[in-house]
Every structure is written in structure tokens, then in C-alpha cells.
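Participant: Note that the protein sequences, when read in sequence, are chains A and B. Residues 2 to 767, numbered by my numbering, are exactly what the first sequence covers, in order. Residues 66 to 223, numbered by my numbering, are exactly what the second sequence covers, in order.
Treat the hints with caution; some may be incorrect.
Below 30 Å or equal to it, Euclidean Cα-Cα: the simulated BS3-like pairs (lysine-lysine) are [stated by the list, open to error]:
#	chain 1	residue 1	chain 2	residue 2
1	B	LYS192	A	LYS610
2	A	LYS302	A	LYS596
3	A	LYS596	A	LYS760
4	A	LYS259	A	LYS175
5	A	LYS197	A	LYS160
6	B	LYS213	B	LYS192
7	A	LYS142	A	LYS259
8	B	LYS219	A	LYS197
9	B	LYS213	A	LYS760
Cβ-to-Cβ under 8 Å is the rule here; a few derived chain A residues that face chain B [claimed, not checked]:
#	residue
10	VAL171
11	LYS175
12	PRO179
13	LEU202
14	GLU206
15	ARG247
16	MET252
17	GLU267
18	TYR270
19	ASP661
20	LEU672
21	ASP702
22	ASP706
Don't read these hints as lab results, they were simulated from the structure. Yeah, the Cβ is synthetic: ideal placement off N, Cα and C, and Gly gets one too.
Spelled out from the first residue to the last, the chains are:
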Amino acid sequence: MKMPETSRRDFLKGCGALVVSFSAFDCVDAFAQGPFAAHQSHIDPTKLDSWIAVNSDGTVTAYTGKCDMGQGQLTAQSQLVAEELCVPLQRVKLIMCDTDLTPDEGTTSGSQSTPTNFNHKNLAQACATAREALVGMAAQKLSLPAEDLTVTDGVVTAKNGKHITYADLVGAHKFNLPLNPNAKRRPHNEWVVLGKPVNSLDRPELMTGHFEYVHYVQVPGMAHGRVVRPPAMGATVRHVDESSVRDIPGMVKVVVRKDFVGVVAENQYAAIQAAQKLKVDWNPGPPLPDQTTFFEEYLQKQPARDTLFVDSGDVEKQLAASRQVVRARYTWPYQMHGSIGSSCAVADVKPDSATVWSPTQSAYPTRSCLAMILGMPVDKIRVIFRRGAGCYGLNGADAVSFDAAVLSQGVGRPVRLQYSREDEMKWENYGAAMVIEQRAGLRPDGSIAVWDREDWAADRGTRPGYDRPGNVISGMLLGYEPYLLNPGPAKRPSGALRNGGNVVPSYMAGCIDGVCGSAGTVRSERALGHTVFSPFFTGPLRSPIRIQNTFSNECFMDELAAHAGADPVAYRLQHLSDERLRAVLQAAAKAADWKPRPAGKRSYPRAGKVSGRGAACVAYEGHNGYAALVADVDVDLDTGILHPRRFFCALDCGPVSNPDGMRNQAEGGILQGMSRTLGEQVTWDREKVTSIDWNTFHSLDMSYDMPTVTTVLIDPSGVPALGAGETAITLAPPAIANAVLDAAGIHLRDVPFTPERVKAALQQQA
Amino acid sequence: MSRIVLRVNGREHAVEADPETPLLFVLTDQLGLRGPRFGCGLAQCGSCTVLRNGQAIRSCVTAAGEVGTDEITTLDGLGTPENPHPIQRAFIEEGASQCGFCLSGVILTAKATLDANPNASDDEIRKSMNGVLCRCFTHTRMIRAIRKYAEENKHENA
Numbered sequence: 002m003k004m005p006e007t008s009r010r011d012f013l014k015g016c017g018a019l020v021v022s023f024s025a026f027d028c029v030d031a032f033a034q035g036p037f038a039a040h041q042s043h044i045d046p047t048k049l050d051s052w053i054a055v056n057s058d059g060t061v062t063a064y065t066g067k068c069d070m071g072q073g074q075l076t077a078q079s080q081l082v083a084e085e086l087c088v089p090l091q092r093v094k095l096i097m098c099d100t101d102l103t104p105d106e107g108t109t110s111g112s113q114s115t116p117t118n119f120n121h122k123n124l125a126q127a128c129a130t131a132r133e134a135l136v137g138m139a140a141q142k143l144s145l146p147a148e149d150l151t152v153t154d155g156v157v158t159a160k161n162g163k164h165i166t167y168a169d170l171v172g173a174h175k176f177n178l179p180l181n182p183n184a185k186r187r188p189h190n191e192w193v194v195l196g197k198p199v200n201s202l203d204r205p206e207l208m209t210g211h212f213e214y215v216h217y218v219q220v221p222g223m224a225h226g227r228v229v230r231p232p233a234m235g236a237t238v239r240h241v242d243e244s245s246v247r248d249i250p251g252m253v254k255v256v257v258r259k260d261f262v263g264v265v266a267e268n269q270y271a272a273i274q275a276a277q278k279l280k281v282d283w284n285p286g287p288p289l290p291d292q293t294t295f296f297e298e299y300l301q302k303q304p305a306r307d308t309l310f311v312d313s314g315d316v317e318k319q320l321a322a323s324r325q326v327v328r329a330r331y332t333w334p335y336q337m338h339g340s341i342g343s344s345c346a347v348a349d350v351k352p353d354s355a356t357v358w359s360p361t362q363s364a365y366p367t368r369s370c371l372a373m374i375l376g377m378p379v380d381k382i383r384v385i386f387r388r389g390a391g392c393y394g395l396n397g398a399d400a401v402s403f404d405a406a407v408l409s410q411g412v413g414r415p416v417r418l419q420y421s422r423e424d425e426m427k428w429e430n431y432g433a434a435m436v437i438e439q440r441a442g443l444r445p446d447g448s449i450a451v452w453d454r455e456d457w458a459a460d461r462g463t464r465p466g467y468d469r470p471g472n473v474i475s476g477m478l479l480g481y482e483p484y485l486l487n488p489g490p491a492k493r494p495s496g497a498l499r500n501g502g503n504v505v506p507s508y509m510a511g512c513i514d515g516v517c518g519s520a521g522t523v524r525s526e527r528a529l530g531h532t533v534f535s536p537f538f539t540g541p542l543r544s545p546i547r548i549q550n551t552f553s554n555e556c557f558m559d560e561l562a563a564h565a566g567a568d569p570v571a572y573r574l575q576h577l578s579d580e581r582l583r584a585v586l587q588a589a590a591k592a593a594d595w596k597p598r599p600a601g602k603r604s605y606p607r608a609g610k611v612s613g614r615g616a617a618c619v620a621y622e623g624h625n626g627y628a629a630l631v632a633d634v635d636v637d638l639d640t641g642i643l644h645p646r647r648f649f650c651a652l653d654c655g656p657v658s659n660p661d662g663m664r665n666q667a668e669g670g671i672l673q674g675m676s677r678t679l680g681e682q683v684t685w686d687r688e689k690v691t692s693i694d695w696n697t698f699h700s701l702d703m704s705y706d707m708p709t710v711t712t713v714l715i716d717p718s719g720v721p722a723l724g725a726g727e728t729a730i731t732l733a734p735p736a737i738a739n740a741v742l743d744a745a746g747i748h749l750r751d752v753p754f755t756p757e758r759v760k761a762a763l764q765q766q767a
Numbered sequence: 066m067s068r069i070v071l072r073v074n075g076r077e078h079a080v081e082a083d084p085e086t087p088l089l090f091v092l093t094d095q096l097g098l099r100g101p102r103f104g105c106g107l108a109q110c111g112s113c114t115v116l117r118n119g120q121a122i123r124s125c126v127t128a129a130g131e132v133g134t135d136e137i138t139t140l141d142g143l144g145t146p147e148n149p150h151p152i153q154r155a156f157i158e159e160g161a162s163q164c165g166f167c168l169s170g171v172i173l174t175a176k177a178t179l180d181a182n183p184n185a186s187d188d189e190i191r192k193s194m195n196g197v198l199c200r201c202f203t204h205t206r207m208i209r210a211i212r213k214y215a216e217e218n219k220h221e222n223a
């Protein structure tokens with residue numbers, strides 16, 4: 002285990018800078034992250050030395066608050082540093098998310114790492130500041146104007162051949178400079194490292210099994226823990242019989258704190274046995290709602306917090322006046338991150354300080370929550386990010402970090418804790434279940450005159466942020482409350498359109514007080530959301546709320562095109578005003594060699610196999626990445642089995658940092674979205690969650706005959722860099738549904754599209 | 066507790082452990098290996114895969130005490146970052162990873178299949194990967210990497 006040295010940063014301690022850092026677009030996260038101004042870090046983000054160090058051997062160390070969970074930020078951020086400082090990639094060392102070393106950049110989430118660190122602020126601005134400062138120093142040393150100097154591979158060279166290295170200029174010394182907001186980035190058209198495909202820097206270690214996941218962190222004297230969870234949500238501890246595990250060889254201790262129960266033993270096997278054998282009497286929790294009627298009998302009937310995103314005030318009048326009114330209702334189940342490795346953390350809690358190696362995407366927020374849980378000043382706690390199994394939002398990473406710390410404090414030794422598969426799957430913060438109801442009125446020419454949509458979204462907890470440990474299971478068991486969902490009516494929309502959740506379809510104009518913020522032309526518009534208290538924890542699962550809303554909005558667009566007898570691509574273009582969204586849709590259609598066809602209005606065969614293609618597009622979070630997707634899908638009319646064969650994707654996420662990384666995100670996202678669409682849903686009975694392993698939660702595995710994915714990257718200049726990791730996945734569900742409409746004339750409105758549901762839709766059509 | 070002698074990655078190791086201990090925990094916690102890993106503990110995901118006399122097995126449900134003198138090979142026993150095994154090199158070249166947690170299951174299962182049958186068809190390779198998960202869904206790149214290794218392997222055996 003390697004411990005980065007802290008000494009070189011000790012000089013910064015105590016400056017007590019106020020750090021404000023959050024994801025402005027990510028409404029789910031931002032909501033949860035509490036009072037930002039209350040948080041302190043000793044690392045001042047306005048100082049260059051907080052971000053960049055030039056070492057005496059000519060290497061550059063960069064410190065970032067955005068971490069790599071497998072999405073490629075190690076490589077992309079290293080490219081950024083190499084590009085801006087004009088050093089070879091191999092000479093960049095990136096330190097990610099360590100509260101003793103890196104600036105507080107909140108959470109790595111919401112497709113915000115690229116917007117945050119690759120535009121004219123934070124890491125990018127620090128790099129530009131450093132390069133200009135180094136060139137300035139060289140100019141002084143060489144007594145030449147800075148304009149006459151060029152930098153290559155960390156060597157500043159003058160026209161007359163005189164040169165000096167970075168190491169000679171500053172090696173191992175501090176810059177003692179503030180970030181310069183006017184420092185110039187290297188122009189996009191001159192990039193030599195950034196913007197080029199780079200093979201992810203972690204791959205040699207990953208492929209050969211030499212990579213240090215958090216699961217492999219070992220601390221001297223370390224014991225092993227397991228948690229013992231309640232049978233169901235709301236159950237509380239009545240009695241724990243510690244004698245039931247006393248005989249297990251290697252048993253160290255049973256740790257109980259309110260409703261938190263855990264065991265610690267000398268090795269993993271003993272800890273597992275103890276967790277299985279420990280006798281705990283639980284007071285049962287309340288019964289769960291019936292899953293078969295969950296959407297209509299629970300979700301749509303609970304008190305809700307309402308939000309009106311846009312309301313032109315005339316939708317009822319316009320609907321009454323429309324020649325054709327189309328209605329449809331869509332449902333989306335709870336889904337889980339289902340990380341392939343159950344979550345793990347290692348905590349070393351001493352009487353007056355603590356170190357936690359954690360897979361959390363929120364190092365600083367986790368540190369603040371740990372301070373609450375451990376009853377320790379925040380500056381006595383160090384959280385060090387180590388990659389866990391791939392996470393697509395909020396798996397058990399934060400919860401397991403809290404649990405490990407409680408166990409370590411309970412036994413006074415370092416503890417490694419890894420959840421069982423069931424602990425992970427039963428208690429993570431699921432992607433929200435939703436119902437979305439759509440209505441639209443068409444003009445005699447088939448164009449959309451009015452669009453009204455309303456949704457119900459299940460919500461409980463989320464990321465803990467800086468002060469809400471109760472937003473995840475372990476905090477709740479320790480007695481912390483999740484944030485309170487206050488039911489209440491919606492206020493009139495005001496200010497700029499907020500479409501971070503992609504509630505408002507792209508085809509609406511999104512006008513509030515005369516200012517229009519969406520991508521479309523429909524001006525008679527209303528979008529209303531109801532947030533409802535969920536029986537299970539929910540959280541930001543990749544494309545949170547956005548994938549649910551976009552599924553519904555984009556499927557409904559094809560339903561409207563079918564009523565209008567229009568081609569789905571042409572019909573979309575007819576109702577889109579945003580040039581970048583139009584361009585990606587056209588690019589995807591071109592890549593797929595899309596031939597115009599009327600949506601879902603033909604005669605269809607009743608048996609055998611049929612094929613169809615569907616399209617969808619989205620302006621992710623309104624303005625954070627533009628994507629379009631065409632899907633080719635086979636439908637077996639006899640078995641109801643769907644088989645996607647080809648995807649064609651076009652992306653415009655601003656200037657591309659690493660084309661290979663972006664393609665990898667698009668390909669993985671589309672196939673992950675496909676698995677979620679075809680088979681993934683959390684199930685439960687009246688007492689408990691019943692999706693507890695890979696037999697009861699259905700992921701496509703490596704034996705599946707995967708479709709091909711063709712990705713077209715648009716690489717514009719002169720616009721900000723945007724998020725890319727969640728764009729493509731958002732479109733897989735509607736593109737597949739629309740392809741099935743094209744193939745078989747049926748509307749699939751309920752995810753997942755199981756063979757039973759497909760057959761039911763075919764029978765209904767017959 | 067008893068003394069268990071294991072042959073792992075070409076070397077003999079003696080450890081003290083309950084013979085019922087899953088082989089996985091001996092490999093990771095006692096031998097410090099970083100190839101196999103606990104994904105589910107139920108033999109459903111493949112993360113813990115190791116080779117036992119060349120066959121892919123799930124070390125999370127294999128008792129350390131019943132391995133005997135069988136040769137165990139882990140992902141970290143195949144190659145090093147500086148000198149990767151040809152199948153590992155194919156995965157690096159094809160950029161076939163995201164988080165990488167699944168790689169023992171993917172690489173070792175494919176290797177075992179191709180070593181047993183260098184002429185295995187794409188269909189046969191895919192079917193052998195039943196119950197191997199990659200939740201980042203890097204499938205298409207992984208299948209490309211496996212094909213690349215299969216082709217090279219055929220040439221070497223020819």
C-alpha cells in the first residue's frame with residue numbers, strides 16, 4: 002500500500018479557505034449536498050500550488066478532486082495536464098481525491114468532471130497558469146520577451162537556441178501564485194496530446210491483475226468485518242445475542258450501535274460465518290406496497306412535492322381544440338447499480354484521528370459525514386479514494402465507508418469491510434421508479450400543437466453530501482435521518498428553464514416569461530413533476546431521472562409521428578430548433594443509412610422474426626451534451642424475445658478530450674442501457690427486496706451475442722467541453738422501443754421489455 | 066486451522082487456514098494477490114476466476130483445503146504490466162476495460178476455452194462465458210480482444 006506524502010502540503014494547513022464546489026446541473030446531487038459554505042479544506046483552490054507541482058526530475062504532479070472509477074478521468078485529466086504544460090504524458094502523475102492532498106471538487110458525478118476541469122477554471126486554469134508562469138520565469142532568466150519562447154517537452158526554448166528546463170526554473174519549489182483567470186489555454190487546433198486517442202493509462206495494471214482496488218488495501222493489524230442488516234426497511238434491533246458467535250475461531254467482536262449491527266473477526270471467512278450465525282431479534286418494519294400494483298396504487302397516490310418546470314397556461318384549451326389528442330402512460334422500475342464487486346472500504350480509526358480508504362466518488366463530503374459519525378473534528382480525518390468495482394452513480398461505496406469506520410472505532414483496530422452480494426443489492430440507493438403520463442394534440446397537418454406531461458418519481462435519500470449520512474442505509478441505521486421530502490404544491494416557474502432531469506422534452510420550446518430554454522418549437526407546453534416518498538432508498542443511477550424521462554419523451558415522439566403518418570427522424574427535425582441537437586440526429590441517421598419510413602403504421606406479420614429500426618435524441622440535462630441513437634432490433638414474434646443487432650450513435654459533447662475514452666463510454670453506456678431495458682428490475686414481496694443476487698436480478702452476461710456499436714464523434718471548437726458519460730445510455734431504451742414499433746407495430750411502454758410483456762403487447766394488437 | 070500447501074503461479078506456498086476457507090481469501094488476503102476478487106461469493110459473476118490445472122474455476126466457492134497439489138494460476142500470474150501475457154496484451158491493445166473488476170473472469174475463462182480448443186468458434190467462445198459478467202458492458206471490445214488472441218494463438222500452434 003502506497004501512502005502519498007503529506008509533508009509538502011503542510012504549509013497550506015490552517016489557511017481555512019472556504020470552498021464552494023458542487024454540480025450546478027446535477028439537481029439530484031445538488032439537492033443533497035447541504036450547506037456548502039459550512040465546509041472547510043486546508044487546500045486553497047485559488048492557489049496554483051494546490052493543483053500543480055513541478056518536480057526536480059522534470060515530472061509534473063497534478064492534484065484533482067475528480068476521480069476515475071473506470072470512466073477514463075485518469076487518462077483524460079493526465080492528457081489535459083500534459084497538453085497545457087507541454088510535457089509528455091508519461092511525465093504526468095495524477096493524484097485523485099485525497100482529502101489531505103487534493104482540492105475539494107465535491108462529488109465526481111453527473112457528467113460534471115469534464116465541464117468542471119476542462120473549461121476555463123479549476124484544473125485547466127491551474128495548468129494554463131503554471132505554463133504561463135514558467136514561460137514568464139524563463140523569459141526573465143533568459144532576458145528575452147515571453148513571445149519569443151516556445152515550450153516542448155518541458156523545455157522552454159528561445160529563437161536564438163537558448164533553453165531552460167521546467168526543473169531548472171521551479172523544480173521542487175512552490176509557485177506561490179494565485180490561479181490566473183486570464184491565463185490562456187492552448188488553442189484546440191494546436192492540441193497534440195489532448196483530443197488524441199490515448200489508451201487508458203491503467204490498462205497494463207488492470208489486465209495483469211496488478212491494480213490496487215480498494216479491495217486489496219492492507220493495513221498492518223487489519224481485521225475483517227461484515228455487517229448484519231435488518232431483514233427489511235424499517236426493522237429495528239430488539240436484541241443481539243453475542244454469545245451466538247463466541248465460539249467462532251478468530252471472532253473479535255460484535256459491534257452494535259442503535260440499529261447498526263456488525264461483526265469483526267481476524268479473517269474474512271470467520272467474519273462471514275459470524276455474520277451468518279449471529280442471532281439478532283428484529284422488530285419488523287412496516288409492510289411494503291404490493292409490487293404488482295405499485296405504480297397506480299402507491300406511486301400515483303402518495304402525497305408529493307410538486308414541481309412545475311414549464312407551463313404556458315393554455316394546454317387544456319389547446320388540447321380541447323386539437324383534431325387528434327394522443328395519450329400514453331410509461332413506467333420505469335427500480336433498477337440497481339449492481340456493481341460487479343460488492344462494496345468495500347478499509348478504515349483505520351484511532352482515538353484522535355482516522356484514515357479511510359474508500360471507493361466513494363465524494364471524498365470530502367464523505368469526510369464530513371465521517372466526522373459526524375465518529376464524533377471527531379473534520380480535519381482529523383483523511384479520506385483516500387481507491388477505485389472499487391465500477392460504479393454508475395451511488396452503489397454501496399459511501400455506506401460501506403461509514404460502516405467500516407464504525408467497526409474500526411468499535412474494535413480499536415484497522416478494519417476491512419466488504420459487503421455480501423445480498424447486503425449490496427438489498428440496500429443500495431436504487432435508480433428511481435417512475436410513471437410518466439403524456440398527452441399531446443396534433444394539428445390537421447400532423448404537427449404538434451400542444452404537449453403536456455406529468456410524472457411521479459420515487460425518492461428517498463440520495464448522496465449523503467456533507468451532512469446527511471442518513472441518505473444511505475448505514476447512516477440511517479446509526480440514527481441519522483435522510484433529507485426530508487416536504488410534500489407541497491408547485492410554484493409558478495420563474496427564471497431560466499431548469500431541465501437538469503430532462504423532464505421537459507426536447508421538442509418543447511421551454512419558455513418562461515418569454516425566455517425559451519429548451520430545444521424545440523412546441524409553445525403550448527406543460528411539464529409537471531411529482532416527487533413521492535419511496536419505500537426504498539433511491540439515488541443517482543447513471544442518467545438519473547434523465548433516462549426515465551427521455552425514454553418516455555422519445556417513445557411518445559414516435560407515437561405522435563405514427564399518428565401523423567410521419568418519418569420519425571423527419572418529424573423530430575420538424576420540431577427541433579436547436580442546431581447541435583439537429584446535427585447529431587442527422588449524423589446518426591446518416592451513419593445508419595436511415596431510409597425514411599412512416600412510424601409504426603403498416604401491416605405486420607404475426608409469426609416468425611421481424612426487424613425494425615428506431616431513433617431517439619436528447620440534449621442531455623438540457624445543455625450538457627447532445628446525442629442521437631439509431632437501433633436495429635430483431636423481434637421474435639413467437640417467443641417475444643428482442644435482440645438488438647446494431648446501434649449507430651452520434652455525440653457532440655464539445656471538444657473531445659480522449660476520443661477512445663469517449664467511444665468506450667458510449668459503447669458501454671449503450672449496451673448497459675440495453676441490458677437495463679431488456680431485463681433489469683428490482684423485485685420485492687410484501688416484506689423485503691427479493692433481488693438479492695445475479696439469479697434474481699438479471700444482467701446480460703458475456704455469453705450474450707452483443708450488437709455492434711458505431712459511434713460518430715463531433716468535435717467542435719469554440720464551445721465548452723461537456724459531459725459524455727451519460728449521454729448515450731439515455732437513448733438506448735427509447736431507440737429500442739421505437740425499433741420494436743417499426744418492426745412489429747407494438748408500443749412497449751413498460752421497462753423492462755421482457756418476452757412476456759412483448760407477447761402480451763402482440764396479443765393485444767391482434 | 067491447519068497448514069495448507071498450495072501451488073500458485075508456479076510457486077509453492079504454505080499457509081495456516083481453516084481448510085473450508087474459500088481459496089479466494091487465501092489468494093488475496095494471505096498471498097496478497099490482486100487478480101482474483103470477491104464479486105458475489107456465489108459463483109454467479111466470475112470475478113474470482115482462477116485456473117486450476119488450466120481450467121477456469123470460481124475460487125469463491127472452492128475450499129482451499131480441497132485444491133491439493135493442483136496448479137493454480139491467477140490473472141497476476143499470467144504476466145506483468147511490463148511483460149503481459151499475449152491475451153493480456155490483446156486486451157490492452159483493444160482497450161478492453163472500464164473499471165476492470167471483471168477481468169479475471171473474462172480473460173481467464175476465454176484463455177481456458179481457447180487453450181483447450183484453439184479452433185473454438187466465436188459462438189463456442191461466447192457460450193463458454195456463460196455466467197461471466199462485465200457490468201460496465203465493455204463486451205464488444207473484450208470479444209474483439211479475445212478474437213485477436215485466438216488468431217495469434219492459432220498461428221503459434223500451426
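Participant: Look at each hint and say if it fits the structure.
Facilitator: Do the hints match the structure? See the list:
1. LYS192/B <-> LYS610/A: With a Cα-Cα distance of about 23 Å, the restraint between LYS192/B and LYS610/A holds, given a limit of 30 Å.
2. LYS302/A <-> LYS596/A: 44 Å, violated
3. LYS596/A <-> LYS760/A: 28 Å, holds
4. LYS259/A <-> LYS175/A: Violated, at roughly 48 Å.
5. LYS197/A <-> LYS160/A: Measuring from Cα to Cα gives roughly 28 Å; hence the hint holds.
6. LYS213/B <-> LYS192/B: 18 Å, holds
7. LYS142/A <-> LYS259/A: 65 Å, violated
8. LYS219/B <-> LYS197/A: Not OK: LYS219/B and LYS197/A at ~33 Å, beyond 30 Å, violated.
9. LYS213/B <-> LYS760/A: 39 Å, violated
10. VAL171: 31 Å, violated
11. LYS175: 33 Å, violated
12. PRO179: 37 Å, violated
13. LEU202: 11 Å, violated
14. GLU206: At 5 Å from the nearest chain B Cβ, GLU206/A passes the 8 Å test, so the hint holds.
15. ARG247: With Cβ-Cβ at 17 Å, over 8 Å, it is violated.
16. MET252: 13 Å, violated
17. GLU267: Violated - the Cβ of GLU267/A stays beyond 8 Å from chain B, reaching only about 10 Å at its closest.
18. TYR270: Holds, about 4 Å.
19. ASP661: 6 Å, holds
20. LEU672: Holds: closest Cβ of chain B sits about 4 Å from LEU672/A, inside 8 Å.
21. ASP702: For ASP702/A, the interface hint holds, since the closest Cβ of chain B sits about 5 Å away, which is under 8 Å.
22. ASP706: 7 Å, holds
The structure shown violates the earlier hints numbered 2, 4, 7, 8, 9, 10, 11, 12, 13, 15, 16 and 17.
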